[in-house]
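Enquirer: The task is simple: from the sequences and hints, build the whole structure.
2 protein chains.
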Amino acid sequence: MHLLMKNLPHKTIERLSQYRRALLLCHAQGMTYIYSHEIAKIQHITPVQVRRDIMLIGYTGTLRKGYNVMELIELIGNIIDSEEGINVCVVGIGNLGRAITNYFSGKRTKLSIAAVFDVEPSKVGKKYHLIDCFHIDDIPRIIKERKIEIGIITVPGEDAPAIAEILVKAGIKGLLNYTPKPVNVPNKVYLEEYDMITSLEKVAFFVKTHH
Amino acid sequence: MHLLMKNLPHKTIERLSQYRRALLLCHAQGMTYIYSHEIAKIQHITPVQVRRDIMLIGYTGTLRKGYNVMELIELIGNIIDSEEGINVCVVGIGNLGRAITNYFSGKRTKLSIAAVFDVEPSKVGKKYHLIDCFHIDDIPRIIKERKIEIGIITVPGEDAPAIAEILVKAGIKGLLNYTPKPVNVPNKVYLEEYDMITSLEKVAFFVKTHH
DNA sequence: ATAACAATGTGAAATAATTAACATTTTTCT
DNA sequence: AGAAAAATGTTAATTATTTCACATTGTTAT
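Top line first, the protein sequences correspond to chains A and B.
Going left to right, the first sequence walks through residues 1 to 211 as my numbering numbers them.
Going left to right, the second sequence walks through residues 1 to 211 as my numbering numbers them.
If you are wondering where the hints come from, they were derived from the structure by calculation, not from laboratory data.
Honestly, I wouldn't trust all of these hints.
Copies of the same chain look alike in the list, so a pair counts if it works inside one copy or between any two.
Using 30 Å as the maximum straight-line C-alpha spacing, the simulated DSSO-like pairs for lysine-lysine come out as follows [said to hold, decoys possible]:
#, residue 1, residue 2
1, 41, 188
2, 188, 126
3, 65, 11
4, 41, 11
5, 41, 181
6, 181, 65
7, 11, 181
Expert: Here it is as structure tokens:
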């Protein structure tokens, strides 16, 4: 593991993930080289920031030619992916859970949804995009059996804290909470929370103030 | 409009929205006063940050008693809400679009979903949580008729740029893009992009590096 | 050949966000 | 009454992130 990896800023990690997706598209279109300002344009950021991010991961482009698309894709993969891949589960297979499961079906190789969970008897036992749906009571067993390390919470808000607790007890290492209700996890579990209502209120605020 | 409003940091705006939601729950449970450290606990941040945010909006609590829950809710509302309310539309009523529409149904008063759009003939003309679904070709007309100022894009990624362009031409003022594909908007339109895959990759990275 | 140009790479400055430190004040306890 | 405790409010320090400014170096044009 690179020494570099440890000290990458959070924001850089996010952008690297985005660069990679943009680069994959460029690669599919047959581009072999790309300039920092081209990447920047796609992501609505400055070319300097792109160059700095790339500098931070220790890659170096060719002067006047830019960056080799495929090499950069691979290097970003080396930094942000895990060698062996990571298994993920989705808890709550309502609209949001299905949307996420849908996004992932067959796309990533390094991150794969290994199980989904719900309480509804009508959902348990079914498959969603080829992924088995289990009852929430089976979370501890399935997480161990399938070596799941990350959980995505898409249950109704009021259930989120209880689900988080179950996941943590089952040994989950990272949580992504998409409910509007904050959850508590011990320090060793990496938690990311995102709340759509907050984002919308933020947009509304800036629409209002910048008329 | 407060002078204060103009200079609030983006991060503070996000947190204010979250404070308000937490405070509404506290109010519903009959709390009349709350301490900064209680708010901080709920949101996983430090009490200092809570106090600073509250300071920035010019509210002042009572020493040893904390903040008056109802007053704070109202003040946050004065800052982040618009007097008259803002109308929003959702473009793409797949799983994600439905999840968002669902979240909102009947909850907010100041932000309301005034229309949803899709291309599927089977969806156009139906209602989703009491909201009319129109064809995408009707976007310009409906946006004008219903005074819609913010658009939420939840179509498949490849369609996002085209939809963004349509919305911008129709006079939208703010956009929230939930597809993995970045879109371009003129400077006067406030754009916020959020991509679930990036978030998940970020969680995976930190799970990997902090073992 | 040489000048002009267009790209990368990066130290340093600027900006944004968080945290520390502490003065202040009310309440409670003895 | 006086001391201790517990809370807010705020300046200053720190840390994180972005941007500037420019040195460097291939490439192209004359």
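Enquirer: At most 30 Å between C-alpha atoms: does residue 41 with residue 181 qualify within a copy, between copies, both, or neither?
Expert: This pair counts as between: shortest inter-copy Cα distance 13 Å, intra-copy 35 Å.
Enquirer: Could you place residue 41 and residue 11 in one of the four classes (within, between, both, neither) given a Cα distance threshold of 30 Å?
Expert: Answer is both; intra-copy 17 Å and inter-copy 25 Å each pass.
Enquirer: Pop the pair residue 41 and residue 188 into one bin, within, between, both or neither, using alpha-carbon distances up to 30 Å.
Expert: This pair counts as between: shortest inter-copy Cα distance 17 Å, intra-copy 37 Å.
Enquirer: When no copy is named, should residue 65 and residue 11 be tagged within, between, both, or neither for a Cα gap of at most 30 Å?
Expert: within (26 Å within a copy, 38 Å between copies)
Enquirer: What label fits residue 188 with residue 126 when the C-alpha limit is 30 Å: within, between, both, or neither?
Expert: neither (33 Å within a copy, 47 Å between copies)
Enquirer: Could you place residue 11 and residue 181 in one of the four classes (within, between, both, neither) given a Cα distance threshold of 30 Å?
Expert: both (24 Å within a copy, 18 Å between copies)
Enquirer: Which holds for residue 181 with residue 65 at a C-alpha limit of 30 Å: within a copy, between copies, both or neither?
Expert: between (48 Å within a copy, 25 Å between copies)
Comparing the model with each earlier hint shows a violation of hint 2 alone; every other hint is respected.
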